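Starting from the structure of chain A, add chain B where the hints point.
First to last, the sequence lines map onto chains A and B.
The first sequence begins at 0 in numbering that gives the first Met the number 0 and counts up by one.
The second sequence begins at 0 in numbering that gives the first Met the number 0 and counts up by one.
Calculated directly from the structure, the hints in this document are not laboratory data.
Keep in mind that a hint or two might mislead.
Once the Cα atoms are required to be at most 27 Å apart in a straight line, the calculated DSSO-like pairs of lysine-lysine come out as [stated by the list, open to error]:
| id | chain 1 | residue 1 | chain 2 | residue 2 |
| --- | --- | --- | --- | --- |
| 1 | B | Lys125 | A | Lys250 |
| 2 | A | Lys244 | B | Lys319 |
| 3 | A | Lys244 | B | Lys245 |
Nothing here was measured: the structure is a model prediction, and the numbers come from that model.
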Amino acid sequence: MMIRRVSTNSCLSATAFGSFMKWSFNSSKFHGESLDSSVSPLLVPGVHVFHCPDVVGIVAKLSDCIAAKGGNILGYDVFVPENKNVFYSRSEFIFDPVKWPRRQMGEDFQTIAQKFNAMSSVVRVPSLDPKYKIALLLSKQDHCLVEMLHKWQDGKLPVDITCVISNHERAPNTHIMRFLQRHGISYHYLPTTDQNKIEEEILELVKDTDFLVLARYMQLLSGNFLKGYGKDVINIHHGLLPSFKGRSPAKQAFDAGVKLIGATTHFVTEELDSGPIIEQMVERVSHRDNLRSFVQKSEDLEKKCLMKAIKSYCELRVLPYGTQKTVVF
Amino acid sequence: MIRRFSERASVFANNWILKSSASRFHGESLDSSVSPVLIPGVHVFHCQDAVGIVAKLSDCIAAKGGNILGYDVFVPENKNVFYSRSEFIFDPVKWPRNQVDKDFQNIAKTFGAMNSVVRVPSIDPKYKIALLLSKQDHCLVEMLHKWQDGKLPVDITCVISNHERASNTHIMRFLERHGIPYHYVSTTKENKREDEILELVKETDFLVLARYMQILSGNFLKGYGKDVINIHHGLLPSFKGGNPAKQAFDAGVKLIGATSHFVTEELDSGPIIEQMVESVSHRDNLRSFVQKSEDLEKKCLTKAIKSYCELRVLPYGTNKTVVF
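Excised from the complex, chain A in its bound form:
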């Protein structure tokens, strides 16, 4: 149920021709320059991840597929776990979209995916494909949202923020509301009650997104919602899971007298704070920390941990592994 195959809806016929044709009409002969037109192609980067049952020959086929179209592999990660018959790879390559049109690339990898019965085959060309569309959900605490909005504004979060949804109302003259208004991002106040989590309304608002980010959204999303949405939902928890699930993990940690506190980003499942972990970060604490500094350190970690996880996800580094784990290249 993990990474959806986003490549299918990104078939821009972008025949981005680099305007790098050089014509040399005059007969001056520079050393090494031929008289006929030499074309310097504009190469664009692509990423491909592949997840299938393990057999001989996968890497050969994948790499040949890229090379045959003139693509140059710049990085390649392969992982086959011990005692498990699965194969994971992630390749970074550059290619000429003239020689290898975007649509053709999708088809070529799809052919190989079919051949190997792949559970997952996703190719992404960041400069051509539309950015991931995400919706951000939060409740009252907004430091995570603020961090994400600022990083997005700085171009460090390569996504399109479709909308922000919250079960807390925010006054229009607050920093967040003014920011969202300036950037044309809609804010939806959807109050929840114990009886009604208004999941249908949320589903309606987010149905066109590629994945969801819960940035301190304190409501539990039901199994129905997750099935209905069908795509990945990433949550940040300011505790080092599986310790301190649920509310106020910073306070739980403070009361427990631990010497290290942390944050965990993970995929959301029906069970609270229990889905496959993507990233974890820690920081030291001591007797000199009070509850306030526990909270402050947790929040700082949260922001970094969530950002890292989302970046990894967008770069196709995160893949499902077993029932409860992830491969993060």
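Chain B only, in chain A's frame:
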């Protein structure tokens, strides 16, 4: 927690230097000039907070010619307790060891202290400890080697295990060479033989459980009355109990750790002294999870014991520690 060890240490350092020659070196007076040898001392204090504690403690040291080299004070927010740890050097001629005890004891009484411990490492006897383990012995081996290298300032009274070890193994030969007795005390579900263990360890200052897989009962802990330090190769409170490395592996965490803590009746739940982590990823298998956990365990336990011996660890509330 930390018991008062200073009562047993009334040994005098003999470090007089007498010069009786009449040669006149610049700066040297004719009469016998004594260059005192200053030795280090450590004092920890834990009492109800009040005005004037630091003044009294520091004055106590200065009045006897002691020089404070380091001072840590901690008073938690909203709590009426005071913790301090001072490192000082002093001349045991000017301030005899007995007197050091008495002087601090007076202040302890003045402030109704929960705890006042002074320790002079070069004079006081080393802490006597017993090490308990079951089958896994990497922690014990680490501690024995560090002890041999002089990095663990303790006297190892004995090693107790519920696993038998053949006499030609590394550990047994090591212990024999160093005259440390090994006691095989086999346990069953019905009989943990705690009375026998108590008898073996009653002269120790604290115990170290270095992968001892039996739970010590409340009776044992009360009977022993002194601190027991355990190492757990998981990041508590995650993964309590057996096989924390495997629990962590199955949980798909990206960080694993080890925790040293004081032992209470409840399994893996006592006040935490030290924690350490390391990154793991999908590339780690169970074997490397275990290997990384064991490496962390060894470092974490050694650090906790060193801190404890240096009087850095104090109880804080019901379930926490101050570690200076």
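Here is how each hint holds up against the structure:
1. Lys125(B) - Lys250(A): 39 Å, violated
2. Lys244(A) - Lys319(B): At roughly 20 Å apart (the allowed maximum being 27 Å), Lys319(B) and Lys244(A) satisfy the hint.
3. Lys244(A) - Lys245(B): 20 Å, holds
Consistency with the previously given hints fails for number 1 only.
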